[in-house]
Amino acid sequence: MSTHHANPLDHAEIRQGTVLRYIVAFIISALCMGAAMLAVQLKLPFLHYAALVVALTLIALLSQAALFFGLDISRAQIWKSVSLVLTVPLFIISVGLTVWAFSSLYERTMLPPSGVTQPGMSAPAVPGMGPMGAPSQPTLLQ
Amino acid sequence: MATMTKAGPDTRLWNPEADEHDSISARTFGFWLYMLSDALIFTGLFASYAVLSTPMNLAGGPGPAQVVNITEGFWQTLLILGSVLSYSLASVALKAGNKGGVALGIVVAMGFAAAFLGFGLHDLGGLMAAGNGPDRSAYLSMFFTLIATHGLHMIFGLLWMLVMLVQIARFGFTADVVARLLNLRMFWQFQATVWVLIYAYVYLMGAY
Amino acid sequence: MHVDLQGPWSPLLGRLTLGAIPYTNPILIGTFIFAATIALIVVGTVLYFRKLPYLWREWLTTVDHKKIGVMYILVGLVMLFRGFIDGVMMRTQQVLADGPHSAGYLGAAHGYLPPYHFDQVYSAHGTIMLIFAVTPILAGLGNIIVPLQIGARDMAFPYLNAVSLWLTVAGAALVMVSLFVGDFSNAAWVGLMPLAELPYNPGVGVDYWMWALQIASIGTTFNAINIIVTIVKMRAPGMGWFRLPVFTWTMLSTNIIGLTAFPVLTVALALLGADRYLGTHFFTAGLGGNFMLYIDLFWIWGHPEVYFLMLPAFGVFSEVIPTFSEKPLFGYITMVAATFAIAGIGWSVWAHHFFTMGLAPNSIAFFSAATMLVGIPTGVKAFNWLFTMYRGRLTITTPMLWSITGIVLLLVGGLTGMMLSAPAIDYTVHNSVFVVAHFHCMVLAISAGIFSAVVYWWPKVFGFKLDERNGLAFYWAFVIGSVLVFVPMFGLGLAGETRRLDYLYDPQWMPLLIAEEVGIGFYFLSVLFFLRMLYVSLRDRVPAKGDAWETGRTLEWMTHTPVPFYNFAVTPQVHSRDELAWRRANGLEEAKPDRYVPIHMPSNTGVPVIIGLLAAAFGFGLIWRIWWLSGVSLLAIMVLVIIRSFNKNEGYILTAAEIEAMENKIETASVIAEQPKRLPLSEVEAH
Amino acid sequence: MNLRFLRYFGLCAPLLMLGGCSTDVFRLFHPTGPVADAEYRYTLILVGVMMLIILPTLALTIIFPLRYRKARKAAYAPDWSHSLGIEIAAWGVPFLITAVLIYYSFNGIYAVNPYNPKILDSAASTATAPLKVDVISTDWQWLFIYPDQHIATIDDLVVPAGRRVDLRLTSTSVMNAFYIPQVAAMMDAMPAMYTKDAFLVNKPGTFTGFSGEFSGAGFSWMHFATRVVPTADFENWVNQVQASPKQLDYTAFQKLAQPTVNIGAKPSYFSHVAPGLFDKVVQAAMHGVVYNVPDSLTKGVADDEGKAGAKAPAHS
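Protein chains in written order, with the numbering used here: chain A, 1 to 142; chain B, 143 to 350; chain C, 351 to 1037; chain D, 1038 to 1353.
With a cut-off of at most 27 Å between alpha-carbon atoms, the simulated DSS-like pairs for lysine-lysine come out as follows:
| hint | chain 1 | residue 1 | chain 2 | residue 2 |
| --- | --- | --- | --- | --- |
| 1 | D | K1169 | D | K1292 |
| 2 | B | K241 | C | K998 |
| 3 | C | K1015 | C | K895 |
| 4 | D | K1317 | D | K1283 |
| 5 | B | K237 | C | K998 |
| 6 | D | K1110 | C | K895 |
| 7 | D | K1169 | D | K1155 |
| 8 | D | K1292 | D | K1233 |
| 9 | C | K401 | C | K1015 |
| 10 | C | K895 | D | K1107 |
| 11 | C | K1015 | C | K942 |
| 12 | C | K942 | B | K148 |
| 13 | C | K1027 | C | K1015 |
| 14 | C | K895 | C | K942 |
| 15 | C | K583 | B | K237 |
| 16 | C | K1027 | C | K998 |
| 17 | D | K1303 | D | K1169 |
| 18 | D | K1240 | D | K1303 |
| 19 | D | K1233 | D | K1303 |
| 20 | C | K583 | C | K998 |
| 21 | B | K148 | C | K895 |
Bear in mind the hints are in silico, worked out from the structure with no lab data behind them.
Let the sequences and hints guide you as you build the complete structure.
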């Protein structure tokens, strides 16, 4: 445990990280993204394509976590790793459940987009309407 | 359970040595937590992007496939990864207490980041010039917001780097400066991670 | 890009004109006179006794976690009162405006508030109670108690702690300013979309709500970071994870929620802000926007937020009940497990807030089941508290009464909550006042936790106990008020009364409404008793011992009462889960340290309070679209932060001799609250 | 429905003492038709199951503090804080109860699913096709369109007894919720989108429907009459409305959809409703058509307290 009198450069978090590690992380990330980009030209079926991009992205992310951020279970880094592992499910829950819920909501509440381009409908056609049109008088039925 | 142990004559009740806490690791851990909360901001944005990038959200405007430019995006990826690499190498120089090395790494990182931002601005500017600004459709609102939020983080990082260059020159590697450099390293690496996600999800998935 | 609004705008004052000040409205004039009188009394007192330097030195610039906590709670109590008055106004409006033949006053068709005013009152009530009353009070409790319970000197980041406080205050200030300059939102505390969008809300009300929430939630996120780091990194030696007091455990889980959930609110509000300021289409109905997305994002934050508020109250019950049962907490491990189970499951239940929006049955089934699962750990907690009391030696003090009441409220709230999580029932009472009564049961359980905590820990902070007699009167008035307000409200829900009505069409509801109004009267009484309790206790001030209740079990009761600014003269070595109970069992509770070592203390700083002020100005500028004010404030905050980072802020050292002298002084019943005037270390070296 | 007698437990609720002698005011205790019946039945079942655990716990919460007060010198076990048996029970009993609740909750979801209630499959006679009604909430009225009859009404929903009613809901401007407490599940009505709801009432009767989601200044006056009438009366009524001089095309609708506070929910009737009006309203909202709320209903209290209200009559 270092105190503020000791040399801060001796701190464990400074000591971690080497030239090699950072360069490897760079190369893996760049290669993965490059390969994923090239996959667009391959015209794979969408599911295969998506799986490929997801897999390559995961490899890039893991290499960054391990080599850039230097996450491991050493004394200096353990709490960062733990907090990340505890938070990752929240990313997945938030995005996953949202996408799942909206896939059914869209299907059940939206008219198909083809209907949108029905002729004869345009926003400012009606006076007193439109996003910031002049306000009209209220009607009070009696 | 310790609850039941008895106190003996040599039981130590007070611990004067325990007073000094490791301020650098408290600060880096605190900053790491901030980044997790920032990651949740991007989670919210990604969830919104997923919801707002269906054909229903285009309002007749361009969709993902028309908006993204994956080769330009790939150059951006290389630039931001290069910037992170440069900053990370600066932190290797920090181990040796090499002021010049650290400063050089930071300056190169800033250069790469500026080029990255240039690409991004060019992209968004082109869209706006073609009448496809963020007020065109919900999808474009979302696209602009996601890219701009990441860009703002980058600009903030650039500002932070400027401040650190001055502080290194002025104070050398004190505990405060070192803790800030470490936090900035995490912050910068985090921007690359977010960009990789944006590139994979918005650009590559969108271009299909 | 930039939305051009109708109506006057000037570069200097933005949309602000004299017409924004409600000088023709009798209700608001009365409120203004009341607020101004209180402000004059406070300011006058401070000036008369020449306490301004003291106030600046010891409070406004402090970084001491206890003083920051006290200020949090003070702000929370003021806002609690404001929110309560809003509640009074709502209940009174409803009782006056029931039935087509109800009279109108002050120009309103029915009751005394026209719709637009009533809508602001209920929106303000919800926003204030959840965000600006309960949240700050709980943050304050955490601030005061957590470092003491884990044997730390202070929070991990004392300066950041002060920033969090002043950001919260900035948000609260904006809400208060909205009373007298412009309007507050009329789109509910949740921000109903697309009602909060420009075509339906072109005024500044929604902007006030949005920016107040945004600024305060940044403060909450910072505070969450601080508390988590404090608990992870600053524990006294010997305090392993399974010796952590349960209140600290709940604060940890609560702040994990705070850290992770609040950013999603930030996103939701920022996207709404983009809609209102930049003309984007996130939550508009048209042009591809999807306001269901806002509802989704809001509740991704909103439901964990419920547990964010609830868990600390559980922590309080878990401290108070063992202390007054003279027994350790039953089932410590399961208690901790249940706490984290609630926090974890609480993250995947949010869609039960919109079962009526057209979700597919399988999605509904998932969210319904997940919601019901929360009932399991909550039930475990209730059982554990009960079996803590089982074979105990109970002293029924007011904190204990509040805690037991909290359990009862939790049962009622849990019952109705489980009902609502079943869609077949939700379809019949969703958005009715049944829901309102349900979550008020939960919030009342939180309030019970808060009052329990305030009475329980009051002596620790102030050195004397609160008066029990008036405390009891306060308790009973509050409980009777709650029963009278919320039992009829459940009834009205079953009668089909929907939420947020400013005019009620069914005259048959009158008897229940009158019962509620009587309940509000009891609440009013309880406020009076609360004030009297404070007055009597302050007048009599019987000094309390370090272990004020004499059956305290955790570390905070081992230091002096009131706590000196350095907390513990020497950091204790921890041997047991209930360290003080363990020392008492071994006859060691009076043991004193045999030697002292120098303590490193942080210096006070005025930067946080200035940041708070600038943040309020930033928000005010954006609300009224006074661009220069926002720009200057934002720039000033950045410059201030950068300048401060150039300041070697190293604090100062208390020497061993000084500590010994202060400790001896405390033994002779003097109070050590003020820090010594001392230059920071860096300047000492410079001399 | 075999559990209908259980409703008399509802009578025991202490609330009723406050409500006077009649329970009519508690609409939810008087469900009508299979959907509402099922909802009420699930309410009773779930509350009943939960009482199995709530009541004993409540009793212990009161007994323990009384029994173990210091003054009573009851048994005292100062260190007892763990018992495997009790802890297993503390997790196990809530777990079992929750499992039962989840089971009933799942059943209920499909039974009363507003898009397609299973309970109606068995109840409705297949001889007559469901009556289609399109519901559009405006600021702040309810428009009911009968697409097959080409008629429409404002704030007056008339349906035949014994025939299933299928609703489609949308809104012109902001979100509302369609809600008839004793009859149909609450469902949101949202601009640019549609949702569905369905119900069936066997016996004639009159009910009040409300808006459940706050929608602005006129929200409190957004109630509407729901009249269930015998089939023959319904046919007569349709014929009468079809003769109404007021006709409804999209232009007429745009006038009608301007923000209006309909105090007393006074009905209007239209004949010759343009086909596809509902879809057109949904699409208009998708294209960004909004009906701005006039200043006098959004302006600050600063300007003039009660200006909006002052114009409104005190009584209808």
